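Given the sequences, and given the hints that come with them, work out the whole structure.
Residue strings, one per chain:
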Amino acid sequence: MTAQKTVLVIGGSSDIGHATALRYAQAGWHVALAARDIVAAQRNADDIKARTGVEVTLHPLDVLQTDKLADFAASLPVLPDTVISVIGELGDQTRAESDLAHACQIMRTNFEAPSLLLGLFAQAFQARGSGTIVGVSSVAGDRGRGSNYVYGAAKSGFSQFLSGMRNRMALAGEVRVITVKPGFVRTRMTAHLKLPAPLTVMPERVGADIFHSAEENGREVIYVGRRFWLVMTIICLIPERIFKRLKL
Amino acid sequence: MSEFTGWGNYPILATEQLGPRAPASVPDLVRSRSGLIARGQGRAYGDAAIGMASTLSSCGLNRMRSFDATTGELTVEAGVTIADILTTMIPRGFFLKVVPGTKFVSVGGAIAADIHGKNHHRDGGFGDHVYSLRLVLPDGETVSCSPSDNAELFAATIGGMGLTGVIVEATLRLLPIETGWLKQTTHVATNLDAAIATLADTASATYSVAWIDCLARGNALGRSLIYVADHASTADRNRLGPTQPTFPEARRGGVSVPSIFPGFALNPLSVRAFNEVYFRRGVARAGAAELVDWDPYFFPLDAIANWNRIYGRRGFLQHQCVIPAHSARAVLADILERVSRRGTASFLAVLKQLGDSHGLMSFPVRGYTLAMDFPITDTLFDFLDELDALVVAAGGRLYLAKDARQSRATFEAGYSGLGAFRDLRSRIGANERLVSHLSARLGI
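Read top to bottom, the protein sequences are chains A and B. Numbering follows numbering that gives the first Met the number 0, in which position 143 of the first sequence is assigned residue number 142; successive positions increment by one, without gaps. Numbering follows numbering that gives the first Met the number 0, in which position 6 of the second sequence is assigned residue number 5; successive positions increment by one, without gaps.
Calculated from the structure, these hints are not laboratory results. In this text, all values refer to a predicted model and were calculated from it rather than measured experimentally. Ideal placement from N, C-alpha and C gives every residue a C-beta, glycine not left out. Misleading hints may appear alongside valid ones.
[To be verified] Examples of chain A residues lying across from chain B (beta carbon under 8 angstroms, computed): (1) ALA39; (2) ARG42; (3) ASP45; (4) ALA49; (5) GLY52; (6) ARG187; (7) LYS193; (8) GLU215; (9) PRO238.
[To be verified] One side of the interface only, derived from the structure: several residues of chain B facing chain A at Cβ under 7 angstroms: (10) ARG20; (11) ARG62; (12) MET63; (13) ARG64; (14) SER65; (15) PHE66; (16) THR87.
[As the list claims (entries may be wrong)] A few chain A residues that don't get close to chain B, going by computed Cβ distances all over 12 angstroms: (17) ARG50; (18) PHE183; (19) LEU198.
What follows is the structure, encoded as structure tokens:
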């Protein structure tokens with residue numbers, strides 16, 4: 000039996016963060032949750048401990064304070080075996096069109112902060128010679144749409160960052176980089192939206208798929224639910240002169 | 000506004016929908032609304048979990064809070080389901096002390112209806128194993144209550160149909176189990192007397208339930224299969240199913256009934272044929288003890304998602320009454336006789352023993368409970384009123400979690416704790432604030 004492995008989930012107060020951390024705990028991993036909302040993260044930590052008996056540690060983190068990210072990574076008691084970023088903010092597209100501060104926050108939360116943070120862990124993992132990095136991006140990053148392109152553009156940037164990092168690490172050795180693109184997930188972030196049932200998954204599905212990709216040698220770029228691969232492929236194939244006239 | 004209906008697909012009513020994502024956001028919602036009721040998984044059959052103005056879903060309150068594996072004490076938020084608890088805790092060697100006929104109910108709902116299982120005569124109701132709970136009162140204040148702390152409020156909340164406040168958290172005692180199997184014996188009763196006698200004879204077993212063929216008449220009136228079971232020990236498992244895993248997993252998938260299932264497919268002929276096949280199959284396996292997996296034993300109908308759709312678009316009503324022990328035999332015979340004579344397709348008829356209960360408004364009283372499903376037709380309501388008259392005359396009552404149509408008079412005659420319950424509701428300011436369609440209909 001090897002020593003207990005540790006997963007760090009960044010965005011541990013979210014529903015996807017909770018479901019993902021729980022999946023790891025069920026597999027016997029030690030779980031570290033990083034979050035800004037420590038009360039919500041504690042609620043998730045208590046749940047995971049009650050269900051599995053696994054100890055969960057909490058690590059306060061405001062990812063938008065990017066000058067503190069290096070200190071945060073250095074302050075962790077152990078360098079995790081796997082680090083997963085599930086942070087994201089949908090924001091309000093209409094507001095972001097005229098409120099630059101809001102647009103900036105969406106871009107920073109979905110692109111800048113997770114990229115910088117995962118980049119730090121990539122360096123540390125490369126130095127150690129092992130580790131798995133998981134970035135939860137979004138299908139919204141596959142093609143800009145009028146209804147949410149500020150969010151989509153930021154997620155697209157994040158997807159490309161992960162893609163490049165995966166390419167670099169594949170040439171360098173033992174570090175894996177996984178890109179996860181959820182479609183509609185029933186969470187707190189989407190609670191106010193009407194989602195189409197056949198395309199909507201529960202957070203548990205995302206957690207299970209992440210675990211499979213990262214720890215059971217699954218594919219390195221995944222859509223959750225799987226049907227979204229087809230949906231997004233079709234969306235990406237529509238010629239621009241038609242696409243720009245669609246209400247999407 | 001969203002449309003809500005109970006498991007019986009009748010009635011369908013529109014209210015505002017509230018969906019708190021954590022217990023901390025419940026008090027503000029309760030404080031700022033009137034005509035509100037909490038709703039769990041929507042498995043009450045009628046109008047119990049539909050608010051007059053607002054319906055507060057507990058689906059977001061789905062986290063476990065703590066578990067002590069030495070004492071079996073589990074604290075959960077109110078929206079956690081029985082299915083979630085069982086799939087999480089069975090592999091760790093624990094079961095719930097009381098489970099209903101479906102695992103798709105929330106803990107909050109189970110407390111509010113003080114649900115009973117096949118072991119009520121022995122172990123009491125769900126509420127009897129609640130150590131404490133946290134309740135958001137109509138004014139938004141959150142209080143803890145237990146049998147020793149705010150005892151009056153606790154007793155009113157167990158079986159109180161959500162009318163004393165919104166349950167946000169509960170601490171339960173779980174039952175340690177050696178295996179996830181049941182050791183089951185099937186008994187055959189050729190008529191109602193034999194069924195009641197068998198239930199009495201097997202009362203020392205943990206679980207017992209009789210399935211009645213409602214369409215049998217004459218000498219065979221009340222012919223039944225009686226399923227009696229205990230949790231299987233490791234020794235039982237080794238003897239009866241040595242190759243089986245200790246803790247079988249919950250069934251996956253299962254079939255689903257299409258939303259357009261035609262109501263006419265369920266008619267006296269098809270039900271009679273089904274009942275005949277079912278009864279003969281039971282007779283064939285009667286006698287010897289067998290090992291049955293927890294999921295199909297306790298939750299046979301959960302294998303068919305949306306089985307309620309089988310009754311078609313108009314929906315169905317379940318009539319579940321309890322008749323005190325001393326008058327049970329004659330009254331049950333009378334009810335079964337009328338049902339049999341009417342020839343209505345009742346797919347399901349279940350007879351169980353009940354013991355005493357401790358909630359002010361809990362359904363069970365010492366006696367026998369009979370539950371029957373009826374597809375809605377124009378004549379059904381009058382027919383059920385007829386049955387209600389028999390129940391009332393015998394000092395019995397109807398189960399509120401199943402009810403969509405009983406009269407105020409029937410209700411008031413059955414529930415002796417009603418006066419004290421109404422009084423408590425006034426004192427905590429619940430009268431205008433916490434109102435379901437059921438409570439308005441029955442004047443609670």
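Going down the list of hints, with the structure as the test:
{"no.": "1", "hint": "ALA39", "in the structure": "holds (7 angstroms)"}
{"no.": "2", "hint": "ARG42", "in the structure": "holds (6 angstroms)"}
{"no.": "3", "hint": "ASP45", "in the structure": "holds (6 angstroms)"}
{"no.": "4", "hint": "ALA49", "in the structure": "holds (4 angstroms)"}
{"no.": "5", "hint": "GLY52", "in the structure": "holds (7 angstroms)"}
{"no.": "6", "hint": "ARG187", "in the structure": "holds (5 angstroms)"}
{"no.": "7", "hint": "LYS193", "in the structure": "violated (11 angstroms)"}
{"no.": "8", "hint": "GLU215", "in the structure": "violated (19 angstroms)"}
{"no.": "9", "hint": "PRO238", "in the structure": "violated (38 angstroms)"}
{"no.": "10", "hint": "ARG20", "in the structure": "holds (5 angstroms)"}
{"no.": "11", "hint": "ARG62", "in the structure": "holds (4 angstroms)"}
{"no.": "12", "hint": "MET63", "in the structure": "holds (4 angstroms)"}
{"no.": "13", "hint": "ARG64", "in the structure": "holds (6 angstroms)"}
{"no.": "14", "hint": "SER65", "in the structure": "holds (5 angstroms)"}
{"no.": "15", "hint": "PHE66", "in the structure": "holds (4 angstroms)"}
{"no.": "16", "hint": "THR87", "in the structure": "holds (5 angstroms)"}
{"no.": "17", "hint": "ARG50", "in the structure": "violated (5 angstroms)"}
{"no.": "18", "hint": "PHE183", "in the structure": "holds (16 angstroms)"}
{"no.": "19", "hint": "LEU198", "in the structure": "holds (18 angstroms)"}
Comparing the model with each numbered hint stated earlier shows that hints 7, 8, 9 and 17 do not hold.
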